[in-house]
Amino acid sequence: MSTSAITAAPALVEMRGLTRHYDSRRGLWGRLTGNPGVLVQAVNGVDLDIRRGETVGLIGESGCGKSTLGRVAIRLHEPTAGSVRFDGTDLATLSPLELKRLRRRLQIIFQDPYASLNPRKSVLELLATPLRLHALASGPELADRVGAMLQAVGLGPEHLRRYPHQFSGGQRQRIGIARALMLEPDFVVCDEPVSALDVSVQAQIIGLLGRLKRELGLTYLFISHDIAVIGHVSDRIAVMYLGEIVEEGPRDAVLGDPRHPYTQSLLASVPRIEGTPGGARRQRLQGDLPSPVAPPPGCKFHPRCPVAVARCAREAPATTAVRPGHRVRCHLVT
Amino acid sequence: MSAPPILSVRGLRTTFATRHGMVTAVDGVDLEVLPGECLGVVGESGCGKSVTFASVMGLVKPPGRIAGGSIRFLDQELTTLDEARFRALRGRDMAMTMQDALTALNPAYTVADQIMEVVLEHDASLDGSARQRRAQARARALEMMDLVGIPSAAKRLDDYPHQFSGGMRQRIMIAIALACRPRLLIADEPTTALDVTIQAQVLDLISTLRTELGMSVVLITHDLAVVAEHCDRVVVMYAGQVVETAPTRALIDAPEHPYTRGLLASIPRLSALDAPLDPIDGRVPDLVDLPPGCRFRERCTVAEARCTSEVPMVPLAGERAVRCVLAEGGR
Numbered sequence: 000m001s002t003s004a005i006t007a008a009p010a011l012v013e014m015r016g017l018t019r020h021y022d023s024r025r026g027l028w029g030r031l032t033g034n035p036g037v038l039v040q041a042v043n044g045v046d047l048d049i050r051r052g053e054t055v056g057l058i059g060e061s062g063c064g065k066s067t068l069g070r071v072a073i074r075l076h077e078p079t080a081g082s083v084r085f086d087g088t089d090l091a092t093l094s095p096l097e098l099k100r101l102r103r104r105l106q107i108i109f110q111d112p113y114a115s116l117n118p119r120k121s122v123l124e125l126l127a128t129p130l131r132l133h134a135l136a137s138g139p140e141l142a143d144r145v146g147a148m149l150q151a152v153g154l155g156p157e158h159l160r161r162y163p164h165q166f167s168g169g170q171r172q173r174i175g176i177a178r179a180l181m182l183e184p185d186f187v188v189c190d191e192p193v194s195a196l197d198v199s200v201q202a203q204i205i206g207l208l209g210r211l212k213r214e215l216g217l218t219y220l221f222i223s224h225d226i227a228v229i230g231h232v233s234d235r236i237a238v239m240y241l242g243e244i245v246e247e248g249p250r251d252a253v254l255g256d257p258r259h260p261y262t263q264s265l266l267a268s269v270p271r272i273e274g275t276p277g278g279a280r281r282q283r284l285q286g287d288l289p290s291p292v293a294p295p296p297g298c299k300f301h302p303r304c305p306v307a308v309a310r311c312a313r314e315a316p317a318t319t320a321v322r323p324g325h326r327v328r329c330h331l332v333t
Numbered sequence: 000m001s002a003p004p005i006l007s008v009r010g011l012r013t014t015f016a017t018r019h020g021m022v023t024a025v026d027g028v029d030l031e032v033l034p035g036e037c038l039g040v041v042g043e044s045g046c047g048k049s050v051t052f053a054s055v056m057g058l059v060k061p062p063g064r065i066a067g068g069s070i071r072f073l074d075q076e077l078t079t080l081d082e083a084r085f086r087a088l089r090g091r092d093m094a095m096t097m098q099d100a101l102t103a104l105n106p107a108y109t110v111a112d113q114i115m116e117v118v119l120e121h122d123a124s125l126d127g128s129a130r131q132r133r134a135q136a137r138a139r140a141l142e143m144m145d146l147v148g149i150p151s152a153a154k155r156l157d158d159y160p161h162q163f164s165g166g167m168r169q170r171i172m173i174a175i176a177l178a179c180r181p182r183l184l185i186a187d188e189p190t191t192a193l194d195v196t197i198q199a200q201v202l203d204l205i206s207t208l209r210t211e212l213g214m215s216v217v218l219i220t221h222d223l224a225v226v227a228e229h230c231d232r233v234v235v236m237y238a239g240q241v242v243e244t245a246p247t248r249a250l251i252d253a254p255e256h257p258y259t260r261g262l263l264a265s266i267p268r269l270s271a272l273d274a275p276l277d278p279i280d281g282r283v284p285d286l287v288d289l290p291p292g293c294r295f296r297e298r299c300t301v302a303e304a305r306c307t308s309e310v311p312m313v314p315l316a317g318e319r320a321v322r323c324v325l326a327e328g329g330r
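These protein sequence lines map, in sequence, to chains A and B.
Take the first sequence: its position 112, counting from 1, is numbered 111 in numbering that gives the first Met the number 0, and each next residue is one higher.
Take the second sequence: its position 98, counting from 1, is numbered 97 in numbering that gives the first Met the number 0, and each next residue is one higher.
It is possible that some hints are incorrect.
[Said to hold, decoys possible] On the chain A side, residues computed to face chain B include the following (Cβ under 10 Å):
no.: 1; residue: Ser61
no.: 2; residue: Arg250
no.: 3; residue: Tyr261
no.: 4; residue: Ser268
no.: 5; residue: Pro270
no.: 6; residue: Ile272
I should point out that these hints are in silico values taken from the structure, not numbers from a laboratory.
C-beta atoms are modelled at their ideal positions from N, C-alpha and C, and glycine is treated no differently.
Make a model of the complete structure from these sequences and hints.
This is the structure:
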């Protein structure tokens, strides 16, 4: 797909100022003692557009809020502030019934296929339930659709009566994908779908997700901590750090000409198969990810940033466009 | 290969009795670790890479047992060593770090206690009263925490594992492993649970300490890119066997075994973003019910009729060896 075709298409998902905080004070003890508690700022003021037919890769380290953003984007979790428009409709304005109807078009694939499939349900039940709940099919048509989907993800009718524990990790992820696609969604959040898998199986699942996207015209938000995987599947990439998107743009711009110091350090940290032992050490990022409970003031990356200046500790940077569609949140980028 | 190896494993067989039958998790593994080198051991889940080194460390307990072969470490045969002698060796001359530092560290003891325990157990250089020995061990604990790069180590000696981040916990485990300056460090997936920026820090630390302390390192990992950046030689395992061994660069540039080739073709590379990934079809065979002959045969794209008979390791030029009848010599 050419870049111009992508930019011409209307945005299917529009996130504006999307924010999700978790209040972790609400224990009984906390209430009794009047403990002011802590607010975890998981996602903070995220603006992100996802156009129909594209894959946006969302990358970041553990605790940066990428999974929370994926869940808030399909309203699996309620946002604390901000809005999500899906195909022109603001999800917050929908009645519960309207939301349920719309949910059919918003699906999610989870990281851990061991934990996300009910162990007491057979594959047939797992895949038929979404259709039954939405009253989209019954009887022989239901069985046909389950069979067809199973085939589309590379499994066969002999697997219908089996239970999740009878499958390998890769096959279980295929079932998770089939379940998400049963309702013919438009938008699928893929939350670390290959992180739990061995590398040869990972390549199979990446191939499968790509093929299904082309055949079914899907739009993905693909969440991963693995830059190489993100680079392979994405049209555009958003880099997240402590609840904020610090850089976002076309894949080749973000990976080929990264402008945010965090993106640059992330790329420098990735071990490369072309690397040599004891070869020139690239710039490594020092320190740990700060806690989202007490994020640093100013630019949240400044305590670890190799090029931070005094201003970075005082003022949060605004977003700057470095080229069309390529935005960076850094004082030093103009 | 001039200097004699410090670790030499020959024909190792480690079995586990399970409900479904006898599983030979490690089946005839040969490998050597040379003084001062970093050896990468690569393979996917269940290939036997961790069990091989649990056997070396004497950590295989019933229902598992070492059913055959020999493990020689610094001129001692480990498979017949009694537990008391093994205890003296483990932690002093060879040490192991585990993948998950949170479960490997004891949550009820401070990190100082856990480093000191190893030193008090093994270090013959401590002297004086019990109190003096403890003071010396505590000084060593502080020295080790500085060495592995824990910020304000003196203040954190009496902290508990849960008070450290994942990367710091992995560093503490490395500090415990290195407290007695072992000749061999076995690092089992030291960075798998860590974020990429932290992973780079920990791997750089292991490489630096290897040079500074002059020890050998075995890096057990599923990630060939980690091996490329940190290991001199590499052993590739599949379904309980070694299938290929070679100097790292040679293996990555010109893999001989079809499994190694498949593994390399499956890895997404930042340098070739539009190159399609070429996965290995099928799945790892069930170790309870192995096909005869080459264990990779059923997933192999170039398998022939003769692959159904037993395949030995074939030595190749350039200090390489491969378990495939189609490699060089056999062609």
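How the hints compare with the structure:
1. Ser61: holds (6 Å)
2. Arg250: holds (7 Å)
3. Tyr261: holds (9 Å)
4. Ser268: holds (4 Å)
5. Pro270: It holds, given that the least Cβ distance between Pro270(A) and chain B is near 4 Å, below 10 Å.
6. Ile272: Status holds, d = 5 Å.
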